[in-house]
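Peer 1: This is what each chain is made of:
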Amino acid sequence: MIEPHNDTNAFSGSRRVEVIDHEYAAITEGRTRIIIGVLVFGLVLFLLMARLAEVSVLRGPKARAAFAVNSVTPRADIVDRNGEILVTTLETYSLYAEPSKVWDPAQTTDALLAALPDLDPAVVEARLSSNKSFIFIKRNLTPRERQAVFTLGMPGLGFRVEPRRIYPRGRLAAHALGWTDVDMAGAAGSERAFDAELSAPGAAPKKLSLDMRIQFALDDELRKGMERFAAKAVSGVVLDIHTGEILAMASMPDFDPNRFGTAMPQTRLNRATMATYELGSTFKPLTMALALEHGVDPEVKLPVQKPVTIRRKTINDDHKSNVPMGMFDILAQSSNRGAALYALDVGEAGQRDFLRKLGLFDRAPIELAETAAPQLPREWQDLTTATISYGHGIAVTPLALASALSSLVNGGHYVDPTLQYVSLGQERPRRRVISPDTAATMTDMMRYVVTDGTGRNAAVRGYGVMGKTGTAEKPGIDGYQKKKLVSSFVAAFPYSEPKYLVFIAYDEPQPASGTHGYATAGWNAAPTAGAVVSRMVTILGMKRESATQIARSAQSGGH
Amino acid sequence: MRKGATFILLLVGFALIATLYVITARTQRAGQEAARLERALAQERAAITVLSAEIAHLESPARLSALSEKYLELRPTDPEQIISLDDVIVRIPLRAAGVETGAEIGVGGEDD
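Chains as they are written, first to last, in my numbering: chain A, 1 to 559; chain B, 1001 to 1112.
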């Protein structure tokens, strides 16, 4: 269509005609638009396809989404030296309620009580009626309890999975293992000492130095002994004297760590590491070693038949002798006078240095947090030196003394006690405290105590047991109390190649049938230690020692 | 020519879409399977832990010794019950009776 120009002069003189092709313009414009549209469309399509190609072909499989693993063991197990489980973690179910969703608190309480009879109905009902949004009714249900509640089908109740520490062996090694708080953080014992290792993600089971079998033997004998001698408490330690490993450690009265919350506080006390006692004559071997280190000849006899008086205090002997005695007999007959004379001969400074070297002035260097520092005399004079020579006036923990005594029979090294497993060939830090000669003489002397002295009741047929008794009166308000004793016994074996040490300490043992009215160490701690030794040799499958191996090699006692 | 190119491009596009769909579906299925396996594994592990705890409980020395005393009349072994090889040799002569064995055989020691 050709439209005339809208000009009145169109046909006037100039004859110029301007033709505008509207249709053509419209078509051209339309085309352009279409092309733009197609281009945009094509571009978008291309982008989409490129992206598709990229997603489906070029890019490899995306990193696999981390699927939540129901981790039931955020805390590693604890096992004994043979890999037997001592502590593990289990999933338990904690029952909660949302009171706003509970229809009828009274009815719900009744139903719950049928499933969980030990709940307090008044408390539960009050809590269910409260306007809180979330309450725990009971934590750590057993699977059976959970099922019982589950089948009630009550609304407003639910379970939350919570891990919990389980001590499948019950009371066994309860003190050494310890316990955790509600958040599963170590609160005592090994749980606390090795908390970082146990709670590390993906941690392997923690191997302790304990041997469950020996632990049970110790446990069993202590339990029997405590009952038989009606003692207030008893504790025991079994050490490997070369590695310092604690093979067993027990304290009675004890508790069940699965229910540690309900345990009486005094049962939670680890007496082997936390209770300090004046342990009495079990200290004497230290005094003998001290004298030997200072060049005293053990054959020289001391006038122990005569009273020894220091600062108007007379030192008495339980087993009085009428003749002078040499060192072997002084130890075997547990003469306080003899020990005092030796210590006075060496002097205060030498004694202090020696006891410090043996770690008796510090807490026992063990991983456990619950170790008590010794109670040392406030001032140290000649009388102190004399009394400490036979174990009075200084209060230490059974473990501290056991570690010190270990170095007398292991060749003369002090090895830090440890609760961690020491693998074969692994070096442990140790320091020489006495010469090998002194150690050899001490070994002989302590054997003599069992063959010819106060430690006869600890003897085990076929095995050379070395030992020393110790009976001490407990200090009271006015002086020492005649009737309240602490009796202890240290036993080491086998004589031909000393390897293990057993330390037993009774707190206030009483005379029992068969002890002839005595409550001294020779009648309670010694037989208990002997019983532990005799169980240990069969558990460990130790070879019997021959008569020649058991016979003492060095100087004899001789009366 | 142009039409052909567009057509091919479209085909490729559809092929890609189809591939993507298949792969995504497979991934999802594999993921679900993995999650299921993980859950099963966790459950099995939990069950193993429970069982080993139960074994540990049932095997605790205190329980075993009580049971063996009650039903089997077993007691802790006495060191007396252990003898060395030397003792056995003495009790069961290696040579026929009558043959002098000389003084080689030593009696295994016991002493205290």
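Just so you know, the hints here were simulated from the structure itself, not pulled from any lab data. We put the beta carbon where it would ideally sit given N, CA and C, even for glycine. Hints should not be assumed to be uniformly reliable.
Stretch-level coverage of chain B by chain A, calculated; a stretch enters the list once three of its residues show a Cβ under 8 angstroms from a Cβ in chain A [stated by the list, open to error]: (1) 1014-1020; (2) 1043-1050; (3) 1066-1075.
Peer 1: All hints, please: hold or fail.
Peer 2: Structure-based check of all given hints:
1. 1014-1020: Satisfied; 4 residues make the cut.
2. 1043-1050: Three-residue rule met by the segment 1043-1050 of chain B, so holds; n is 5.
3. 1066-1075: violated (count 0)
Violated hint: 3 only; the structure is consistent with all others.
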